[in-house]
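Undergrad: The lines below spell out each chain.
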Amino acid sequence: MFADLPLLSLVIWTPIIGGLLVMLTGSGRSGLEAKVLALLVSLLTFVLSIPLYTGFDTATYQMQFTEFVPWIEAFSINYSLGVDGISMPLILLTTFMTVLVVIAGWEVIKNRPAQYMAAFLIMEGLMIGVFAALDAMLFYVFWEAMLIPMFIVIGIWGGDRRVYATLKFFLYTFLGSVFMLIALLWLYFHTDSFAILDFHAVSIPATAQIWIFLAFLIAFAVKVPMWPVHTWLPDAHVQAPTGGSVILAAIMLKLGAYGFLRFSLPIVPDASHTLDWLMIGLSLIAVVYIGFVALVQQDMKKLIAYSSISHMGFVTLGFFIAWRIAEANEGSFTGATMGIEGGVVQMIAHGFVSGAMFLCVGVMYDRLHSREINDYGGVVHRMPKFAGFMVLFAMANAGLPGTAGFVGEFMVILSAFKANFWIAFVAATTLILGAAYTLWMVKRVIYGEVRNKKVAALQDINGREFLFLAILAVMVLGVGLWPAPLLEVMDATVQHLVAHIGVSKLPATAL
Amino acid sequence: MNFDMPNFLPAMPEMFVLGMTSLILIIDLFLNERTRVVSYLLAQATLVGAFILSLSLYSGNAELSFSDTFVLDPMAGVLKMAVYATVFMVFLYSHSYLRERGLFRGEFFVLALFGVLGMMVLISAHSFLTIYLGLELMSLALYAMVAMQRDSRTASEAAMKYFILGAMASAMLLYGMSMLYGVTGTLELTELSRAVQQTQGDRLLLVFGLVFLLVGVAFKLGAVPFHMWVPDVYHGAPTAVTLFISTAPKLAGFAMLMRLMVDGLPGLQPQWHDILVLLAVLSIGVGNVVAIAQTNIKRMLAYSGISHAGFLLLGVLSGTPEGYAAGMFYAIVYTIMGLGGFGMVILMSRAGFEAEQLEDYKGLNQRSPWFALMMLFIMFSMAGVPPFIGFWAKLAVLQAVVSANLMWLAAVAVIFSVIGAFFYLRVIKLMYFDQAREQGSLKPGADLAVVLSANAIGILALGAFPGALMALCLQAMGA
Chain C
473 MFADLPLLSL VIWTPIIGGL LVMLTGSGRS GLEAKVLALL VSLLTFVLSI
523 PLYTGFDTAT YQMQFTEFVP WIEAFSINYS LGVDGISMPL ILLTTFMTVL
573 VVIAGWEVIK NRPAQYMAAF LIMEGLMIGV FAALDAMLFY VFWEAMLIPM
623 FIVIGIWGGD RRVYATLKFF LYTFLGSVFM LIALLWLYFH TDSFAILDFH
673 AVSIPATAQI WIFLAFLIAF AVKVPMWPVH TWLPDAHVQA PTGGSVILAA
723 IMLKLGAYGF LRFSLPIVPD ASHTLDWLMI GLSLIAVVYI GFVALVQQDM
773 KKLIAYSSIS HMGFVTLGFF IAWRIAEANE GSFTGATMGI EGGVVQMIAH
823 GFVSGAMFLC VGVMYDRLHS REINDYGGVV HRMPKFAGFM VLFAMANAGL
873 PGTAGFVGEF MVILSAFKAN FWIAFVAATT LILGAAYTLW MVKRVIYGEV
923 RNKKVAALQD INGREFLFLA ILAVMVLGVG LWPAPLLEVM DATVQHLVAH
973 IGVSKLPATA L
Chain S
22 MNFDMPNFLP AMPEMFVLGM TSLILIIDLF LNERTRVVSY LLAQATLVGA
72 FILSLSLYSG NAELSFSDTF VLDPMAGVLK MAVYATVFMV FLYSHSYLRE
122 RGLFRGEFFV LALFGVLGMM VLISAHSFLT IYLGLELMSL ALYAMVAMQR
172 DSRTASEAAM KYFILGAMAS AMLLYGMSML YGVTGTLELT ELSRAVQQTQ
222 GDRLLLVFGL VFLLVGVAFK LGAVPFHMWV PDVYHGAPTA VTLFISTAPK
272 LAGFAMLMRL MVDGLPGLQP QWHDILVLLA VLSIGVGNVV AIAQTNIKRM
322 LAYSGISHAG FLLLGVLSGT PEGYAAGMFY AIVYTIMGLG GFGMVILMSR
372 AGFEAEQLED YKGLNQRSPW FALMMLFIMF SMAGVPPFIG FWAKLAVLQA
422 VVSANLMWLA AVAVIFSVIG AFFYLRVIKL MYFDQAREQG SLKPGADLAV
472 VLSANAIGIL ALGAFPGALM ALCLQAMGA
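Going line by line, the protein sequences match chains C and S. Take 473 as the starting number for the first sequence in our numbering and just add one per residue. Take 22 as the starting number for the second sequence in our numbering and just add one per residue.
Among the hints, a few may not be true.
[Claimed, not checked] On the chain S side, residues computed to face chain C include the following (Cβ under 8 Å):
| hint | residue |
| --- | --- |
| 1 | Pro95 |
| 2 | Ala425 |
| 3 | Leu427 |
[As the list claims (entries may be wrong)] DSBU-like cross-link-like pairs, simulated, lysine-lysine; straight-line CA separation at most 35 Å:
| hint | chain 1 | residue 1 | chain 2 | residue 2 |
| --- | --- | --- | --- | --- |
| 4 | C | Lys582 | C | Lys926 |
| 5 | C | Lys582 | C | Lys774 |
| 6 | C | Lys774 | S | Lys383 |
| 7 | C | Lys890 | C | Lys977 |
| 8 | C | Lys640 | S | Lys383 |
| 9 | S | Lys182 | C | Lys582 |
| 10 | S | Lys383 | S | Lys182 |
| 11 | C | Lys977 | C | Lys857 |
| 12 | C | Lys915 | C | Lys925 |
| 13 | C | Lys915 | C | Lys926 |
| 14 | C | Lys640 | S | Lys464 |
| 15 | S | Lys464 | C | Lys582 |
| 16 | C | Lys774 | C | Lys915 |
| 17 | C | Lys774 | C | Lys977 |
| 18 | S | Lys383 | S | Lys464 |
[As the list claims (entries may be wrong)] Footprint (simulated), chain S over chain C, 3 or more residues, beta carbon under 8 Å:
| hint | segment |
| --- | --- |
| 19 | 540-550 |
| 20 | 617-628 |
| 21 | 634-645 |
| 22 | 657-667 |
Simulated from the structure, these hints should not be mistaken for laboratory data. Glycine included, every Cβ here is placed at the ideal spot set by N, Cα and C.
Construct the complete structure from the given sequences, taking the supplied hints into account.
TA: Have a look at this one:
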């Protein structure tokens, strides 16, 4: 029954137009109308996105729910949308998390709530646009436009050093993306098209592949973020309001990883192969070094931010380990599928877990207005329900089996073993490090004696907070215990991707 | 010696503007403060009439007239219509600003229309003579407009500076023209290009001539290193005049560049290509970096304009019709954004307060969320962030640069545009993240509010649907 509707367009434009309406309605001080409208819009968007899952054909790697309208004919740019098994779950993650963010900001945001809600709704639409775009220019427009609401969100509702953080965030990501723009223009001149699928098909000489790969790398590495261009993330996370941190961690970081899958791997597979040592190296540095950095943080948000970078290292490791696996297994790419699927599962899982962790910190911050670990202690005595959730999410963050955090990491480590024992060994240290920094934080914040008067005065979570934490807890356990539906959705797409990157794209004459 | 009656038809808009301007000049003598609005309305009517004339004359062919010194081609048609539209907007913006400052006089409109006439002649010029004629007509009108605020020291200083430097640039241009005339023996552009192609052996004198011509053009466009006048004049002139100087003459400057280089000297393409690369890189670099240090928004926008001039040159230097179309697209888009930017300064200012300092924009989101949002559109568009029109303009010129295989140049341009993004973001930071210095909401006149909103929303709407304007530019350049 949904077959005739342009579902993707609806999912993109409902929140954007809704966000504009919210902005216009919200002149009132309390902004109640704006909040209710924002909640309705985000729920509507979520409902609209469900048919993307129920109507999804898992048997094919082809793009589904495609839409095609010529947009700028002078440059052969088209409004071309579609999803496959990788982007569809990410869109659902986006629509789902936005609902939670709206609920989470309900009572907390007192300063211009209408603009706050509007910014998140507009951002939601733009992020979905990034995942759904099949035209490189459309992708780029959504990719860049997304920075505008985030810039505003951090800058208005952020912490003390919000201006520094938001400028850094914007300029870093802007710098990253302009190089991608040049690469896209180069590709346009060699295909006469901006269709991403045409880019996948064209053969490109080796040197050009390297340059294009590096241009993409700058854009996506900043977004993921990979070491050493990760420094904007802790600043942005710490200074952003809770909702901003959630969206940043849960969705925006995934955009970079998604870019690797949609652009780098299939468009320039040979360069990806040539430079996979670089990618694996950077991923391992992120996993281990950033893990140690997380260990010494005093600020809870900063700790989770660093833990995010470390977890994203797994994602990129899973993607770029493919050729090592093939080399270790006489050219067979079959083992590579698990690495990439593990990376994608990790993306989704991290979306839930990190979002949940930031919401937990937000719950505490709303009460005590401090993110310092030392200001807390013995929270469990005053907030037992909250402590239960926090411990669950912390376990998931540490990668406890049975939670979402475990599945992806385990798949990536397993596939790394197929490639090289030492890579797997180094990657596996995260299980120790992750447990160390997360659980140590939990120990200091949640357990122990009640530390001071402020903690003693804490109130346990109210119904609203219980609601969003419970929903996330269900998701974290759901993905952890039964990841099969997720894997099934992406399987055909990843199989196709692996088959695609196994074939060299160098022009025949150059060999 | 026989005298052929020239074909007056292609020059109908010029003659109409000239006639109307003279009429306004006379009528204004009989008007007083209260009825002066008649001059204003007549000036607007002149622009509308000229627009209709140019539109009805618009065709896909080039038509020469007046012994081949005048040409009406699609490029001229489109650029002229853009000039009318721009000046129409300028008048709308300036109306109440001028009234509040006692500058609402017939001279403003008459001078502006003479400036428009100069631009029209320049855009349609097809010989060195008409180019110079148009350029001087335009420039003299602009000098006088800057000086209109007689008792303002900064304005007088700016006018003096503008006049002296402008005269020098004109002299350079004339010198270059005389060299080329000396070598080729012609002033007419088609013959010139033929003569240049046929010149054998030593081309040194031709290249010298070319360099001097480019100095003149670079001055008018405000490209580095001939940009020194831009910040001072933009700063010193009354904002309404700045609005005029910073927008429409850029379109004429672009036309002048096209006429001289592409119509007149295609034979020296390798030479002017290199010079334009240099001018473009310097303009983009200096414009974007120096703008960061500004505390006055008019100066900041002036440096931003310098960097935009550099981007415009990037389109032209590729030497392909697509590149020229990209340059033209950039010029038109810059005009729209410049109107918005300086229009905002006008909107923020009121009698006795110029809103020139960046500080004055602090906390605008608290005072007026709507206009803060409009300014946000304008700033992000200038920074080249999608989905605003400024992004497509940058994309078009970058595409031209990439197609010419100048990847390094594209990389330099985008790096500087990231640096430049900083100062646009700072304006947004001031508006959104800082506390307002003064309380009370902003209450601009209804006409200003409507014009600025239309301008800014136009920037967004054109950003969503840039195809038609792009196609028009491509068609005008025969690509």
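Undergrad: Does each hint hold? Answer for all of them.
TA: Right, here's what the structure says about each hint:
{"no.": "1", "hint": "Pro95", "verdict": "violated, 15 Å"}
{"no.": "2", "hint": "Ala425", "verdict": "violated, 10 Å"}
{"no.": "3", "hint": "Leu427", "verdict": "violated, 11 Å"}
{"no.": "4", "hint": "C:Lys582 x C:Lys926", "verdict": "holds, 22 Å"}
{"no.": "5", "hint": "C:Lys582 x C:Lys774", "verdict": "holds, 24 Å"}
{"no.": "6", "hint": "C:Lys774 x S:Lys383", "verdict": "holds, 30 Å"}
{"no.": "7", "hint": "C:Lys890 x C:Lys977", "verdict": "holds, 25 Å"}
{"no.": "8", "hint": "C:Lys640 x S:Lys383", "verdict": "holds, 20 Å"}
{"no.": "9", "hint": "S:Lys182 x C:Lys582", "verdict": "violated, 52 Å"}
{"no.": "10", "hint": "S:Lys383 x S:Lys182", "verdict": "holds, 32 Å"}
{"no.": "11", "hint": "C:Lys977 x C:Lys857", "verdict": "violated, 55 Å"}
{"no.": "12", "hint": "C:Lys915 x C:Lys925", "verdict": "holds, 19 Å"}
{"no.": "13", "hint": "C:Lys915 x C:Lys926", "verdict": "holds, 18 Å"}
{"no.": "14", "hint": "C:Lys640 x S:Lys464", "verdict": "holds, 34 Å"}
{"no.": "15", "hint": "S:Lys464 x C:Lys582", "verdict": "holds, 26 Å"}
{"no.": "16", "hint": "C:Lys774 x C:Lys915", "verdict": "holds, 17 Å"}
{"no.": "17", "hint": "C:Lys774 x C:Lys977", "verdict": "violated, 42 Å"}
{"no.": "18", "hint": "S:Lys383 x S:Lys464", "verdict": "holds, 16 Å"}
{"no.": "19", "hint": "540-550", "verdict": "holds (count 5)"}
{"no.": "20", "hint": "617-628", "verdict": "holds (count 7)"}
{"no.": "21", "hint": "634-645", "verdict": "holds (count 6)"}
{"no.": "22", "hint": "657-667", "verdict": "holds (count 4)"}
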